[in-house]
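As given, the protein sequences belong to chains Z and E, one line each in that order. According to this note's numbering, the first sequence is numbered sequentially starting from 1. According to this note's numbering, the second sequence is numbered sequentially starting from 1.
Read the hints as simulated data drawn from the structure, not as lab findings. Please note that a few of the clues may not be correct.
[Unchecked claim] Pairwise CB distance ranges (calculated): (1) 48(E) to 27(Z): 47 to 53 Å; (2) 35(E) to 215(Z): 42 to 48 Å; (3) 27(Z) to 153(E): 39 to 45 Å; (4) 152(Z) to 256(E): 52 to 58 Å; (5) 153(E) to 250(Z): 45 to 51 Å; (6) 224(E) to 215(Z): 29 to 35 Å; (7) 320(E) to 194(Z): 36 to 42 Å; (8) 157(Z) to 320(E): 27 to 33 Å; (9) 152(Z) to 48(E): 48 to 54 Å.
[To be verified] Mimicking PhoX-like on lysine-lysine, the simulated pairs with C-alpha atoms at most 25 Å apart in a straight line are: (10) 271(E) to 216(E); (11) 260(Z) to 28(Z); (12) 216(Z) to 250(Z); (13) 271(Z) to 28(Z); (14) 260(E) to 271(E); (15) 260(E) to 250(E); (16) 3(Z) to 216(Z); (17) 3(E) to 3(Z); (18) 197(Z) to 271(E); (19) 146(Z) to 260(E); (20) 146(E) to 146(Z); (21) 271(Z) to 260(Z).
On a predicted model such as this, the values are computed, not experimentally measured, just so you know. Even for Gly, the Cβ is constructed at its ideal location relative to N, Cα and C.
Number of protein chains: 2
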Amino acid sequence: MEKHIGEQTVRFANPPTITATAAIVGPKEGEGPLAQYFDVVSQDALFGTDSWEKAESELSRQTIILAVQKANLQLGDIQYILAGDLLNQETGTTFGVRDLGRPFFGLFGACSAIGEAMTLGAMIIDGGFANNIVASASSHFCAAEKTFRFPLELGTQRPPTASWTVTGDGAVVLSAQGAGPYVTTATTGAVVDLGVKDSNNMGAAMAPAAADVLIKHFQDLGIQPDYYDVIATGDLGAVGRDLLLQLMDKAGYNLHHNHKDCGLMIFDREKQDVHAGGSGCGCSAATFAGYFYRQLLRGEINKMLLVPTGALHSVVTVQQGESIPAIAHAVAFERAMSHNER
Amino acid sequence: MEKHIGEQTVRFANPPTITATAAIVGPKEGEGPLAQYFDVVSQDALFGTDSWEKAESELSRQTIILAVQKANLQLGDIQYILAGDLLNQETGTTFGVRDLGRPFFGLFGACSAIGEAMTLGAMIIDGGFANNIVASASSHFCAAEKTFRFPLELGTQRPPTASWTVTGDGAVVLSAQGAGPYVTTATTGAVVDLGVKDSNNMGAAMAPAAADVLIKHFQDLGIQPDYYDVIATGDLGAVGRDLLLQLMDKAGYNLHHNHKDCGLMIFDREKQDVHAGGSGCGCSAATFAGYFYRQLLRGEINKMLLVPTGALHSVVTVQQGESIPAIAHAVAFERAMSHNER
């Protein structure tokens, strides 16, 4: 078990390569600051279907297929698809992969899904069980509002702490061989619940989980935050980001210089009326697959830590007065093998 | 990638051992034919809580802890918990593991969850990423009826093709070292959807997925069904079992002698009014953890193939007129290393 480092971290012996990524988003994300980095901006939020749930499945299907094409592979070259979403019984994903005919591991980590998918996918490859896998995660604003809050038709007001679910999917092809960027280490989170009960303030619910996995990551590997050019959390938003920085300060880790939050990058909060920022499985997945992957490829950054964050509640648990458990997974990427200290 | 055999199968280089299992069930399962094999039969379907969802979480929590105790391990010895269930956003599982403090991979494969969990768990161990993991899957009749069909208070009639969701959890501790039984191979299913739309006939929806993964398993490994003493599907029930045997006959594989279905074992259909049989994530998980694991330990069987089966629909997809995609995963167990042909 020499690959297991400290409490919760693994270091890959033969770090899997990202061979290609794909990011497809909806119209609102196409008006945001990262628009130019997405492969496709759909002007049709229904993606040619007649329901929000079918739209998310179509989004998921198209993004996975596009990632495989961009990797110059056929679907048959992909040994496993690992993917997840937020909808009840994950039908965004299960109907998305329905016609792809590939072995499928459905994952549920709420908005931490792409972190979970890349961690398990990298383990599968480094363990010698596959040459290529696809990791993918999707969310859809309209399907999420219907599932978790109110049908859009009601025009319900949202508090300033609420976030805006990203309509988007990010898919990543990981391969046993290739020229990088590489997945080098992964710290898998435990569920953390400090008792936040407001499902319109998920940033506050998730910040402790992000802090917990970050502290474990730094401790397990004996590194400091400045090891990375960027540390990007998934969808904490403005409220959650402030809390995270406070929690990390208290723990003796300074994240003020290199921390970014995908939820604060994908929308322009001044112009786009998204309240606390973007959220959803697709937020960190599309931001990583679209923006950060290109930064790594171009050498604009050399080392980054992605920390997708998930709130593990449901409408039923909120109605029953339960607090909101959260989880976060940290996955490290390095541009070139020479940058590894292994 | 020498561990990958054929299209969809892996053979473990150092087969993980099952160190212990635990199975906890509800009152009705405690009146069924397998009652004596479960570690705990709760006489309280609420498991001391005040809602069906909380009951499932408590069931999940207790079963995972019991499995770790029976393995003579501490929770801190478990590197990962891999678990899933059927509820919206998997709150049966996420609230179940909330206080356990261990790195957690949430899985969604509907009732195939324990197959997915043991496959990924065995990959994690054989890949060198952990010494011990727990794989677990739960379901609860009352929570499932509320989620998928009607609140029990309505007394809604059920057609003869409907199944009865098992209230139960089966948890399995897999370890890098030990005296067996071993997880030797695993064939991971793709989503299969032949167009069945009746959510009261999930056996018919799932049988093609079970046949698909079984055929891949036999082809990939070049073996016949009689290689195994038992081939146990998860929860096809009476309707699905008949369809599976027909499909396998057509494909040239005779399963009539050694096929069992956990859904037909856990209840007595003559006396217990469960219609087509038992179903749910807990059906195959508790039947394997309670019954088959003891059979393997005692040498009553030496080789078995477990094929948990899952229907990947939701209430929303059914209401939108969609058919029911299904998936099944095959996981092989052998009692002693000398029985392996590796």
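Each hint, compared with the structure:
For the pair residue 48(E) and residue 27(Z), the beta carbons lie near 49 Å from each other, so the given range of 47 to 53 Å is met. Between residue 35(E) and residue 215(Z) the beta carbon distance is about 46 Å. The supplied range of 42 to 48 Å therefore holds. In this structure the supplied range 39 to 45 Å holds for residue 27(Z) paired with residue 153(E), their Cβ-Cβ distance being about 43 Å. For the pair residue 152(Z) and residue 256(E), the supplied restraint of 52 to 58 Å holds, since their beta-carbon distance comes to about 53 Å.
In this structure, residue 153(E) and residue 250(Z) meet the distance hint of 45 to 51 Å, their C-beta atoms being roughly 49 Å apart. Distance hint check: the CB atoms of residue 224(E) and residue 215(Z) are about 53 Å apart, inconsistent with the given range 29 to 35 Å. Remark: the range hint 36 to 42 Å for residue 320(E) to residue 194(Z) is upheld by a beta-carbon distance near 38 Å. In this structure the supplied range 27 to 33 Å holds for residue 157(Z) paired with residue 320(E), their Cβ-Cβ distance being about 28 Å.
Take residue 152(Z) and residue 48(E): their Cβ atoms lie about 40 Å apart, and the range 48 to 54 Å is violated. For a cut-off of 25 Å, the pair hint linking residue 271(E) to residue 216(E) is broken: about 37 Å separates their Cα positions. Straight-line distance between C-alpha atoms of residue 260(Z) and residue 28(Z) comes to about 21 Å, which keeps the hinted pair within the 25 Å bound. A distance of roughly 15 Å separates the Cα atoms of residue 216(Z) and residue 250(Z); the hinted pair therefore holds under the 25 Å criterion.
A hinted pair counts as satisfied when its Cα atoms are at most 25 Å apart, and residue 271(Z) with residue 28(Z) qualifies at roughly 11 Å. With a C-alpha separation of about 19 Å, the suggested pairing of residue 260(E) with residue 271(E) holds against the 25 Å cut-off. A C-alpha spacing of about 19 Å is found between residue 260(E) and residue 250(E), which places the hinted pair at or below 25 Å, so the restraint holds. Proximity of residue 3(Z) to residue 216(Z) is assessed by CA-CA distance (about 16 Å); at most 25 Å being required, the pair is judged to hold.
For the hint linking residue 3(E) to residue 3(Z), the alpha-carbon distance of about 18 Å falls within 25 Å, and the restraint holds. With a C-alpha separation of about 45 Å, the suggested pair residue 197(Z) and residue 271(E) falls outside the 25 Å cut-off, and the hint is violated. The straight-line distance between the Cα atoms of residue 146(Z) and residue 260(E) is roughly 41 Å, outside the 25 Å bound, and the hint therefore fails. Annotation: proposed proximity of residue 146(E) to residue 146(Z) holds, straight-line Cα distance about 19 Å (limit 25 Å).
As the CA atoms of residue 271(Z) and residue 260(Z) are separated by approximately 19 Å, the hinted pair is consistent with the 25 Å bound.
In summary, the numbered hints that this structure violates are 6, 9, 10, 18, 19.
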